[in-house]
Structure formats: C-alpha cells, structure tokens
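Chemist: The residues making up each chain are set out below.
Protein chains: 2
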Amino acid sequence: MAIRVGILGYGNLGRGIEKNIHFQEDMELVSIFTRRNPEDIKTLTDVRVDSVDNILEYKDDIDVLILCGGSATDLPEQTPIYSKYFNVIDSFDTHARIEEHFNNVDASATAGEKVALISCGWDPGLFSLNRLYSECFLPVGNTYTFWGKGVSQGHSDAIRRIPGVKDAKQYTIPVEESVAKVRNGENPTLTTRDKHTRECFVVLEEGANPEEVEQAIKTMPNYFSDYDTTVHFISEEELQRDHSAMPHGGFVIRSGKTGLNDETNQIIEYSLNLESNPEFTANVLLAYARAVYKMSCQKVVGAKTVFDIAPSLLTNKSRQKLLKETL
Amino acid sequence: MAIRVGILGYGNLGRGIEKNIHFQEDMELVSIFTRRNPEDIKTLTDVRVDSVDNILEYKDDIDVLILCGGSATDLPEQTPIYSKYFNVIDSFDTHARIEEHFNNVDASATAGEKVALISCGWDPGLFSLNRLYSECFLPVGNTYTFWGKGVSQGHSDAIRRIPGVKDAKQYTIPVEESVAKVRNGENPTLTTRDKHTRECFVVLEEGANPEEVEQAIKTMPNYFSDYDTTVHFISEEELQRDHSAMPHGGFVIRSGKTGLNDETNQIIEYSLNLESNPEFTANVLLAYARAVYKMSCQKVVGAKTVFDIAPSLLTNKSRQKLLKETL
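So the protein sequences, as listed, match chains X and V.
To convert a position in the first sequence, counted from 1, into this note's numbering, add 7.
To convert a position in the second sequence, counted from 1, into this note's numbering, add 7.
Looking at chain X on its own, in the form it has when it is part of the complex (with noise of 0.2 Å):
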C-alpha cells in the first residue's frame, strides 16, 4: 500500500511536491489543500483540491500532511494544530524560533500521537546534518555554512517593499576567495562582509529615482548594509526572461584538526548545486515523509528533526539491498 501524502499550502514549495512525488514509488498525493477558493487553484497535474476547512475529512486518509507554508506566520501556527490529527513535515526555518517551535510541537504532536518532524529542507536540514556529522567526526576546528549562488526569497521581498520598487531578484553570492581559504585549511576568520555579496536584479516603477532606491537597498540594516551590494536596473521583460528560475545551492565546510597535538588538518565539505531551490527541497520532504511514516508505524510519537532520523529510514530499499549496493 503506498504512502498517502497530503499538500496544505500551493506556493513554490507545494508546486515541488506535485512535480516530484511521481519518484517515489511508494507515495501517492491525496490532495492538495488551500485557504484559497479550491476552484480557483491551477495544478500543474490531475490532482484533487480542498479547502483546507475540510482537511480533518481526511483525517484517516493521510499518512503524512506536508505543511508547505511560510515560517513567518503560517507554520508556528499550522503546525502545532496539524500535527495534532496527521504526521506532519515542515520546513520552519527561523533559526532564532526553532526550539520554542520544537516545544510547541512536540505538545500537540504528543498529545494526537503523532509524528512531526519539523525544519525540513536543506537549511535547516541537510546543511544542519552535515554541520552535526562534522562536527562529531572533527570535534575540533571551524565550521563554514556558505550560501549560493542562488536567489534569496527574504531578501527578494524585501527590495520589493521598497517604494519605488516594481519586482526585484536577489543572488546571494559566496566569495570565492573566502571559499577557497577555508578549503586550504586555513581556518580564516570571516566578517559577514568576507562571507557573501548580493547582487540585486530591481525593475522599478515609473517615475521612481534609481538613486534613491539604490541607496535605500544598500543601507537597509540586516539584509544589506553588512554586505558589498551590487544593484542593477532592468526592465520587466529582462527580469521575467533572465531571473524566473530558482537556483540555489551553498556549502558546508568543516576544518578540523586531528592527532595528539592537533597537527593534522582534515576538511569535510558538503555542497549543493541546484537549478531548482523548490524542487530540491520537495525531493527532501517526500524522503523524509518515508521516515515520518515508518516511524507513525513502529509507534514513535512527537517532534522531531533531521538528527532523529536514522538515515535507512529515509529509503524503501531492503536491507539487503543496502548492505549490497550502497554500504
């Protein structure tokens, strides 16, 4: 019997799901559900859609409801209700909220007896696991998280609050020169500024005073003013044309020492490539859905994240088949 998927929330993330369940051999999507009018959703597949007022209908026909919304307001709320019907995954990823989101699941998730397993994706996720496993194998040393070259979302939006600003991209960019010394082993110390640059694409409205939006980018406190910030003016059509797709990607580097004084250096990097950000992080929900599952089946209940799961959670090859083809 294959594993019955939920969606709730058709942004970038829920459009990832549905184009990329048909992988997973053991997965079937049940139905996408929105807070929209169900009727006015264009999927991009043949699949059912309900309001999200009747998603406990299908309380009995869900074994895994993927929370696909925002980490500003949609899941501190979402999740603690959900996961009191359906295991849940989601993709929380306000680091600064994460335990008091942890806490708050993992009271109803307990109190349904169900599985949640919260900041899901690749960071938090894959990044966090690799930063974890590094960090044990080299428990001395650095830890390097880069991000890029890829489009921002947050720091997207940003620009586009900015009056003046008709839409606008963001490229977060890892200096390369900085890459390269952490992958010497040379153990730098790095500013926000040494880390990363942003490139911003910004098509502005009429009228609006390409001076004063520059300015307003470049100095704007948390997202810009620690970063060299490079801004380009383009028309509506270039940024349509040349901006659309997702791509993402970054590295984690752990330098370390070894040996009785420290006088070895050992590097392990992890690093992501992606042309779709949307889509890479779909593919880690849906495995991580198998996890969320098999553990709702040997009884495991609560929140959960990454470092809680066993790695053969995540596949549905046997055993055997691992020992043989993978190990």
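One should not assume that every hint holds.
Since the list can't tell identical chains apart, any single copy or any two copies may satisfy a pair.
As the list claims (entries may be wrong) - Cut-off 30 Å, straight-line C-alpha distance, at most; resulting in silico cross-link-like pairs (DSS-like, lysine-lysine):
id: 1; residue 1: Lys331; residue 2: Lys202
id: 2; residue 1: Lys331; residue 2: Lys91
id: 3; residue 1: Lys264; residue 2: Lys91
id: 4; residue 1: Lys66; residue 2: Lys49
id: 5; residue 1: Lys324; residue 2: Lys188
id: 6; residue 1: Lys264; residue 2: Lys328
id: 7; residue 1: Lys324; residue 2: Lys264
id: 8; residue 1: Lys156; residue 2: Lys188
id: 9; residue 1: Lys331; residue 2: Lys188
id: 10; residue 1: Lys301; residue 2: Lys264
id: 11; residue 1: Lys301; residue 2: Lys331
id: 12; residue 1: Lys156; residue 2: Lys202
id: 13; residue 1: Lys306; residue 2: Lys188
id: 14; residue 1: Lys66; residue 2: Lys301
id: 15; residue 1: Lys225; residue 2: Lys202
id: 16; residue 1: Lys331; residue 2: Lys156
id: 17; residue 1: Lys301; residue 2: Lys225
id: 18; residue 1: Lys264; residue 2: Lys156
id: 19; residue 1: Lys188; residue 2: Lys202
id: 20; residue 1: Lys324; residue 2: Lys66
id: 21; residue 1: Lys306; residue 2: Lys328
id: 22; residue 1: Lys49; residue 2: Lys202
id: 23; residue 1: Lys328; residue 2: Lys301
id: 24; residue 1: Lys324; residue 2: Lys306
id: 25; residue 1: Lys324; residue 2: Lys173
id: 26; residue 1: Lys91; residue 2: Lys66
Because the hints were derived from the structure by calculation, they are not lab data.
Source: prediction; values computed, not measured.
Assemble the complex: chain X is given as a structure, and chain V must be docked to it using the hints.
Modeler: Chain V alone, transformed into the frame defined by chain X:
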C-alpha cells in the same frame, strides 16, 4: 561517567584511536589489546596494554571495543567472536563480503545481547551515508565515487609482494577532467580508466631489474591493469622522507534530475580532504562508539551499519544545544 573504550589491534588505526580519543570529553581508553607480547608494544601515550588472551577479564570494564584489525583475515573472525561479549565497532571493508559478515556478526551480537556496528569509517561509512542520502533526495540520477588523491594500503602492499621490490607506496588519483564533467551535470559514462590514475613510488632490492618490476606492476590484474599507471623508482631515504604520510580523501557526487519531466539538474557533493586517513577514520569510529554505547543503554542488540544510526546518537550535546546551535 565516561564511556570506557578498548582497542583490539595496534596498527595504524589502533594508534589513530589512541592519538585522538582525547578529543572526546566523555570517553576514556581502558586498554589496548594485542596478539603480540604486550611488553613489545611501544605506545604513544601512557595507556595499559594487555594480551588479547586476557580480554574477557575486561568484560565489565569496557563499554565499546573498537576492532582495529584488517578485513582480509582479522575481522571476519574477530567481530563475530568479540561481539558476543562486548559492544563492538569494526571497519570491515571487503564490499563483496559485507552481507555475509553482517549476518555472522548479527547472530553472535544478538546471542550476546550486544550492539555491533560493522563497516564503519569513511568508505564504507561516510561515503555510504552520502550515497544513501543523496539517492533518497535525488531518486533519478547517477552516483559517482572518486577516491584520492591518497595512499592505498592495498595497492602499496600488492606492489611490495612483487619480487625485487623492497618497499613501495601507491597513490590513487582521481582524473580531474572526469570529476569536472560530473560536477557540471554531464552524467558521463566513465570506465575504470576514466576515473582514476595510479602513481607508484618503488624502492628496489639491490640487483632487481626496474623494467621487469614496472611491467609486473602495470599488468597486475584487478590492481593496475585497468588503470593508467606511472612508476617512479626512488631511494629508501626518499620514500621515508617524502611518502610517509597517509593522506587520502575523495568525492561522492550525485547528479540527479527533478521536475515533472526530469528537466532540472541538481548536484549533491560530499568530499573529504584528509592529511591522515587513519586519524580521520579513528575519529569517525570514536563518534560511532558513542552511538553504539547509547544504543546499548537503550537495550538495542544485534548488528548495525551507519545507516541505522540516527545522527543525534553521535553527539554528547543536548537536544536544546543542537536546536540552538546546529540545526
């Protein structure tokens, strides 16, 4: 209370454990066990050495026994024997015999109610983990494993068995051009020769014929005949001076496709750049020793592989710290 570790076998790996256990705040080294006369063993630190004949006297004093013997003859015998009495880890790496070894060890560890982790290290081990993870996240695609640049003990030994050879070191070197094609998402079909070259540094016995030795190396089946091999003859002093280190490393690259019609390229890469192979392997085994210990406290029994170990079992950090600092 500290996790009490024993070492069986005092070669490169055993010394690696001895040199690196000080990084693990929650572990102590109880004793090294040897088949040689304990008095002949010169340790690097102030640690007890005892004969393996007395090892069962330590049954209640050791939480995890790390088996540091070779895969050819030591481990197939030792792991089944000692997993009856101790929680154990080995680094068994004869791929073709892993399933058989797993079954043998599982039977005795289960009978003895112990946990036995087999085939731990970096390949098999961390590279296996990354093959599994990346194939779960990118179900359609190709996985490429490259090794090196590094010293292959097996190939160095094979050269040493040739008549006329006094000593030798062999480096396995990945073919840069092939690695670049893989990273570029070209999904090339690569022969053995396309993936690695082999470079040999050989010290001849007096009077040996270099041309005969070179020919014997280059035509050796399995080890060299399928590769482009370079042979350098050097003096014993040069070998000592320039080739005593044991660097190694390599890459696991998954080049996969996502999307409704497999239209999106996604690349996951994991790489190691190690100045000392045995010291790094030792650190991997030590982290997994912690996991074995924790599992034994949870009454888990039987043979396990790295696939069965949840990442959180490797660390002594609290969940709270992991949520705050690592996720």
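Chemist: Hint by hint, note whether the structure agrees.
Modeler: How the hints compare with the structure:
no., hint, verdict
1, Lys331 / Lys202, "between (41 Å within a copy, 22 Å between copies)"
2, Lys331 / Lys91, "between (40 Å within a copy, 25 Å between copies)"
3, Lys264 / Lys91, "neither (45 Å within a copy, 35 Å between copies)"
4, Lys66 / Lys49, "within (24 Å within a copy, 66 Å between copies)"
5, Lys324 / Lys188, "between (40 Å within a copy, 29 Å between copies)"
6, Lys264 / Lys328, "between (36 Å within a copy, 23 Å between copies)"
7, Lys324 / Lys264, "between (36 Å within a copy, 20 Å between copies)"
8, Lys156 / Lys188, "both (18 Å within a copy, 19 Å between copies)"
9, Lys331 / Lys188, "between (39 Å within a copy, 27 Å between copies)"
10, Lys301 / Lys264, "between (38 Å within a copy, 26 Å between copies)"
11, Lys301 / Lys331, "both (22 Å within a copy, 27 Å between copies)"
12, Lys156 / Lys202, "both (12 Å within a copy, 28 Å between copies)"
13, Lys306 / Lys188, "neither (47 Å within a copy, 45 Å between copies)"
14, Lys66 / Lys301, "within (18 Å within a copy, 36 Å between copies)"
15, Lys225 / Lys202, "within (17 Å within a copy, 46 Å between copies)"
16, Lys331 / Lys156, "between (37 Å within a copy, 26 Å between copies)"
17, Lys301 / Lys225, "neither (48 Å within a copy, 50 Å between copies)"
18, Lys264 / Lys156, "both (29 Å within a copy, 19 Å between copies)"
19, Lys188 / Lys202, "both (11 Å within a copy, 27 Å between copies)"
20, Lys324 / Lys66, "within (28 Å within a copy, 36 Å between copies)"
21, Lys306 / Lys328, "both (25 Å within a copy, 26 Å between copies)"
22, Lys49 / Lys202, "neither (40 Å within a copy, 46 Å between copies)"
23, Lys328 / Lys301, "both (18 Å within a copy, 27 Å between copies)"
24, Lys324 / Lys306, "both (21 Å within a copy, 26 Å between copies)"
25, Lys324 / Lys173, "neither (49 Å within a copy, 47 Å between copies)"
26, Lys91 / Lys66, "within (10 Å within a copy, 46 Å between copies)"
Checked against the numbered hints above, the structure breaks hints 3, 13, 17, 22 and 25 and satisfies the rest.
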